[in-house]
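Model the full assembly from the supplied sequences, consistent with the hints where possible.
Number of protein chains: 2
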Amino acid sequence: MNTPIVLMIIDMQKGMSWPQAGVRNNLNAERDITELLAHWRGKNQPVVHVLHHSTEPDSLFWPEQEGAEPQEMFLPLENEKVIVKSVPDAFTYSNLEVWLNTQGIQRLVIVGVSTNNSVESTVRSAGNLGFKTYVVANGCFAFEKKDFDGEMRSAQEVHAMSLANLDGEYATVITQADALLLCKQ
Amino acid sequence: MNTPIVLMIIDMQKGMSWPQAGVRNNLNAERDITELLAHWRGKNQPVVHVLHHSTEPDSLFWPEQEGAEPQEMFLPLENEKVIVKSVPDAFTYSNLEVWLNTQGIQRLVIVGVSTNNSVESTVRSAGNLGFKTYVVANGCFAFEKKDFDGEMRSAQEVHAMSLANLDGEYATVITQADALLLCKQ
Chain A
1192 MNTPIVLMII DMQKGMSWPQ AGVRNNLNAE RDITELLAHW RGKNQPVVHV LHHSTEPDSL
1252 FWPEQEGAEP QEMFLPLENE KVIVKSVPDA FTYSNLEVWL NTQGIQRLVI VGVSTNNSVE
1312 STVRSAGNLG FKTYVVANGC FAFEKKDFDG EMRSAQEVHA MSLANLDGEY ATVITQADAL
1372 LLCKQ
Chain B
1192 MNTPIVLMII DMQKGMSWPQ AGVRNNLNAE RDITELLAHW RGKNQPVVHV LHHSTEPDSL
1252 FWPEQEGAEP QEMFLPLENE KVIVKSVPDA FTYSNLEVWL NTQGIQRLVI VGVSTNNSVE
1312 STVRSAGNLG FKTYVVANGC FAFEKKDFDG EMRSAQEVHA MSLANLDGEY ATVITQADAL
1372 LLCKQ
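As they're listed, the protein sequences go chains A and B.
According to our numbering, the first sequence is numbered sequentially starting from 1192.
According to our numbering, the second sequence is numbered sequentially starting from 1192.
Any given hint could turn out to be false.
Where chains are identical, the list cannot tell them apart; a pair therefore holds if satisfied intra-copy or between any two copies.
Stated by the list, open to error - Below are the SDA-like pairs computed for lysine to any residue, each with C-alpha atoms no more than 25 Å apart in a straight line: (1) 1234 - 1337; (2) 1272 - 1211; (3) 1234 - 1343; (4) 1205 - 1294; (5) 1336 - 1255; (6) 1323 - 1336; (7) 1337 - 1265; (8) 1323 - 1246.
To be clear, the hints were calculated from the coordinates, so they are not data collected in a lab.
This is the structure:
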């Protein structure tokens, strides 16, 4: 019998779907994450919902407003683990590592936003801590951003550079089909 | 009286100077780090040397060969802290966080290699943990690398994207002059 494999959904809150969040790539990520979530629930595999609560009142993630609420299609069920964080990395100052270990979970499939910020920080830590970590490329997205030399990088460029940092070093970057198959095993 | 400010030098080992390491940017980083190290020592401020020891025998950082040794100009002095790590993030499975706290160190100036790997992981964790963290742009370097869409990115592009991920979110990216000034305060 295989050990459990967790689906971790990062920062898919209402504010992330608002125009103020920025110009993004992977417009079908919500559909793909919804499919993965239904699949995971159907297989009775564990799900972790990571929610960001900012410490800055003007943030889209300030907890006392709608932007911080989970998007409707990703509302946690009662038996699902929720991690509330105030920094990008879901492992920092949370009980996530301990919880995964007590559940016997060694394999993580990670989706959410943004690829180069909360997703990348959490995936780096997961890999550093020794978890077998997968990132679903189509289930993450990023926002356009200037690089430090002042050159505007498209959301897809930011996303692709971030995945290249992660793949083979901290995690394995996979497709939707790979992810569905992992949860069937 | 100000609290101490630490200079953290990441992975400046002999293997990083070999051609096998790849095509890099910031060819003057060694000179600039040497200047910072002399300045820090002159001001009696703390220095942390982070050394990578790979778990893969064919790595440039496999501990039982010259590539893993510190470069001559960055050899730690007896009173300086050394962290040996086997994953990119110097905080993972090390006593670095505890050591900084027991020394009363809240401010970190980080240099080394590579910008988008060990430097970025360590800086992300430092920022997430709440340390006031600075990255000296000219004191770090990266290597050319394909992004996940298969496009070759120059070392400077990789470096500039990584610094953009860090600046304002996990750290403040600064110049050599800024760093020298920080240690004078």
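Hint-by-hint comparison with the structure:
no.: 1; hint: 1234 - 1337; in the structure: neither (41 Å within a copy, 36 Å between copies)
no.: 2; hint: 1272 - 1211; in the structure: neither (29 Å within a copy, 44 Å between copies)
no.: 3; hint: 1234 - 1343; in the structure: neither (42 Å within a copy, 40 Å between copies)
no.: 4; hint: 1205 - 1294; in the structure: neither (29 Å within a copy, 42 Å between copies)
no.: 5; hint: 1336 - 1255; in the structure: neither (27 Å within a copy, 42 Å between copies)
no.: 6; hint: 1323 - 1336; in the structure: between (30 Å within a copy, 23 Å between copies)
no.: 7; hint: 1337 - 1265; in the structure: neither (30 Å within a copy, 33 Å between copies)
no.: 8; hint: 1323 - 1246; in the structure: between (31 Å within a copy, 16 Å between copies)
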